[in-house]
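Chemist: Each protein sequence line maps, in turn, to chains G and A. According to the working numbering, the first sequence is numbered sequentially starting from 8. According to the working numbering, the second sequence is numbered sequentially starting from 8.
Please note: incorrect hints may appear among the correct ones.
The list cannot tell twin chains apart, which means a pair is met if one copy fits it or any two copies do.
Said to hold, decoys possible - With a straight-line Cα cutoff of 20 Å, these simulated SDA-like cross-link-like pairs (lysine to any residue) come out:
hint	residue 1	residue 2
1	Lys305	Arg80
2	Lys305	Arg175
3	Lys305	Arg75
4	Lys305	Glu229
5	Lys258	Gln206
6	Lys94	Pro307
7	Lys94	Ile207
8	Lys305	Leu126
9	Lys94	Pro315
10	Lys94	Ala306
11	Lys305	Ala83
12	Lys305	Asp89
13	Lys305	Glu79
14	Lys94	Ala318
15	Lys305	Asn92
16	Lys114	Ser29
17	Lys114	Leu172
18	Lys94	Leu84
19	Lys305	Leu84
Rather than coming from a laboratory, the hints here were simulated on the basis of the structure.
2 protein chains.
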Amino acid sequence: MSGDFTFEILAQAGAARRGVLSTAHGAIDTPAFMPVGTAGTVKAMLPESVSSTGAQIILGNTYHLMLRPGAERIAALGGLHDFMNWKAPILTDSGGFQVMSLASLRKIDEAGVTFRSHLDGSEHVLTPERSIAIQDMLDADITMAFDECTPFPATAEQALHSMELSMRWAARSRQAFRQRPGYGIFGIVQGGTYPELRQISAAALRANGFDGYAIGGLAVGEGQETMFHILDETVPALPADRPRYLMGVGKPADIIGAVMRGVDMFDCVLPTRSGRTAQAFTRHGTINLRNARHAEDKAPLDVECACPACASYSRAYLHHLCRCGEILASMLLTWHNLRYYGDLMRGLRAAIGSGTLGDFVAQFDDAQARGRAAA
Amino acid sequence: MSGDFTFEILAQAGAARRGVLSTAHGAIDTPAFMPVGTAGTVKAMLPESVSSTGAQIILGNTYHLMLRPGAERIAALGGLHDFMNWKAPILTDSGGFQVMSLASLRKIDEAGVTFRSHLDGSEHVLTPERSIAIQDMLDADITMAFDECTPFPATAEQALHSMELSMRWAARSRQAFRQRPGYGIFGIVQGGTYPELRQISAAALRANGFDGYAIGGLAVGEGQETMFHILDETVPALPADRPRYLMGVGKPADIIGAVMRGVDMFDCVLPTRSGRTAQAFTRHGTINLRNARHAEDKAPLDVECACPACASYSRAYLHHLCRCGEILASMLLTWHNLRYYGDLMRGLRAAIGSGTLGDFVAQFDDAQARGRAAA
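Only chain G is shown next, with the shape it has when bound in the complex (with noise of 0.2 Å):
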């Protein structure tokens, strides 16, 4: 474990802990969602306004910024925090996954994967030496090991080599990780949907010692069943003193279920992609604000949000922007998603620190219900 890189459980709640994680640039209260900021920004959202959400932390894509503007040039401006105006934490991903979902023609064998980009087609190598390299230049307080995410579906075969490969990164990821004070490198479970693997991967992990585990490879088309019965195995499996996080989870329902069976950390790009194509998040559901019913409608889009789109404007309003694509409907309903999903995590900390996390979930069920029968 790197220096003062520490995770403190302040509470638990059942499988629920409430924590805080210390890094190099801040501390990170936990369960903490991380807005995604793929190119060296939250889109429409100044950082300033991104922190007011109540986020701590955001991720940075290495793929994305290995390729433009490059991570040596990145470097040379003084690192991530500095070129984009983020004085807060940052955790970057691998490379691995966006490598798989983005670029073309990838050849993958033991050193790592061979690709072209996605933007002009040059040829590039991510390796777990690399990849850990440009996190490095990129001065992430997080840093991911470099995984293959696996593919769903996939056979129980297709899943075990995925894995064991996955763990050959993972090892070269940690050795290939420069120890700072402050800053942390977390490995990633694999092994796709079967439980067996899933416990493999995690003791192969825990051998290397993490500063944190993620568990990767769900919320990739499995369903939320799975995805909750996947974790039921497997983060028992993980040191109870490490943070735990789920790459690329998601949906409201999805977090808190995760939160009830251990997990601290989250990102996902719905409620900033949700932002730029007029859906909002609610206390009670999801808001399509093109819909013509909301062309009149004087009311908030959510009474009880303190964001500026919900203390100044209206309904109408918003719909209006929607229906012209103007650049304001996606700041104001990205900002108005990055709160919601910060006073969730709010919401869900302080319901872990007193003890009534089962009321809070009882009454986020609730209101969606009431939502769903209202629509």
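Using the hints, position chain A against chain G.
Modeler: Just chain A, lined up with the frame of chain G:
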């Protein structure tokens, strides 16, 4: 003149004036620049951000708003100020200019213009009476008379007939305007590039007694020299005690020249549109941030500027955002450009007030010349 819709001249420097225009929604220090809020939003900006640049009044577009979401709907929602959360003064154009530039299948007769929406092909009619009624429903502090913007080039005969039609429409607009305390209506001088027609137009408007006088049909391709010549011939024909508004202008040097000729108000899409196409205004000229020479430049856009783009980001980062087509590029560059215009107007007002307008203009010209020499 309408109740407490007042214009006070505080200082003069040659023909240039430093004044205060008071309206129902607040006061405007002149010379003033009005950011354009076409569809009920100054694109890529929150209203409070627009205010922070020094803007005290914005322009709304009758043509766009009548088509979407509709003037009646905005009225039902409390007017344009409430709808878009802009509590300061609003000037609306009459729709005449954009009917001619955007709509299709236009038919002009003495009554007005019949046209088809560029959005959905639906047929609409704009007359002086309908334009004034729409601006009333929008709750515009300053209503513009409905006119035909004479195309450039136009023969003297074309310009005469167009101007005469606009003057008949101006009289009907004045008649249709509903007097309320704090609200005013401006007439628009037409006459193309023909000084004698401009004189006739100004006299016709004066006879109707407008609250302010706009100069239309310029900055349409005639060039700065011709524009300044027409201003020299037109401004003295306008009442000295009423505000003067040069429509659709313009570049910083155009604004400075017009202020020196006695113009008080301006609007232009240049700072906002440029902000969405990687163009930034600086004291040393215009910068294209897509240019590769900015890729590794740690310097801010303009060291003397206090906007967020200059306070917290490098040219390298702004270049990156522009190359990636990120929304944040439009947000930061629009903010910067409006701040540049705000600072320019603040500087002009201070210089007129302190009797140093000559120095101000010499410094502006010198900085721009040094910028060209360095480029």
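Chemist: Hints first: check each against the structure and report whether it holds.
Modeler: Against the structure, the hints come out as follows:
no.	hint	verdict
1	Lys305 / Arg80	between (48 Å within a copy, 11 Å between copies)
2	Lys305 / Arg175	neither (57 Å within a copy, 39 Å between copies)
3	Lys305 / Arg75	between (43 Å within a copy, 17 Å between copies)
4	Lys305 / Glu229	neither (40 Å within a copy, 46 Å between copies)
5	Lys258 / Gln206	neither (25 Å within a copy, 66 Å between copies)
6	Lys94 / Pro307	between (32 Å within a copy, 18 Å between copies)
7	Lys94 / Ile207	neither (37 Å within a copy, 62 Å between copies)
8	Lys305 / Leu126	neither (43 Å within a copy, 25 Å between copies)
9	Lys94 / Pro315	between (23 Å within a copy, 15 Å between copies)
10	Lys94 / Ala306	between (36 Å within a copy, 19 Å between copies)
11	Lys305 / Ala83	between (50 Å within a copy, 9 Å between copies)
12	Lys305 / Asp89	between (41 Å within a copy, 10 Å between copies)
13	Lys305 / Glu79	between (50 Å within a copy, 14 Å between copies)
14	Lys94 / Ala318	between (27 Å within a copy, 14 Å between copies)
15	Lys305 / Asn92	between (36 Å within a copy, 13 Å between copies)
16	Lys114 / Ser29	neither (38 Å within a copy, 69 Å between copies)
17	Lys114 / Leu172	within (14 Å within a copy, 71 Å between copies)
18	Lys94 / Leu84	within (14 Å within a copy, 40 Å between copies)
19	Lys305 / Leu84	between (46 Å within a copy, 7 Å between copies)
Violated hints, listed in ascending order, are 2, 4, 5, 7, 8, 16; each of the other numbered hints is respected by the structure.
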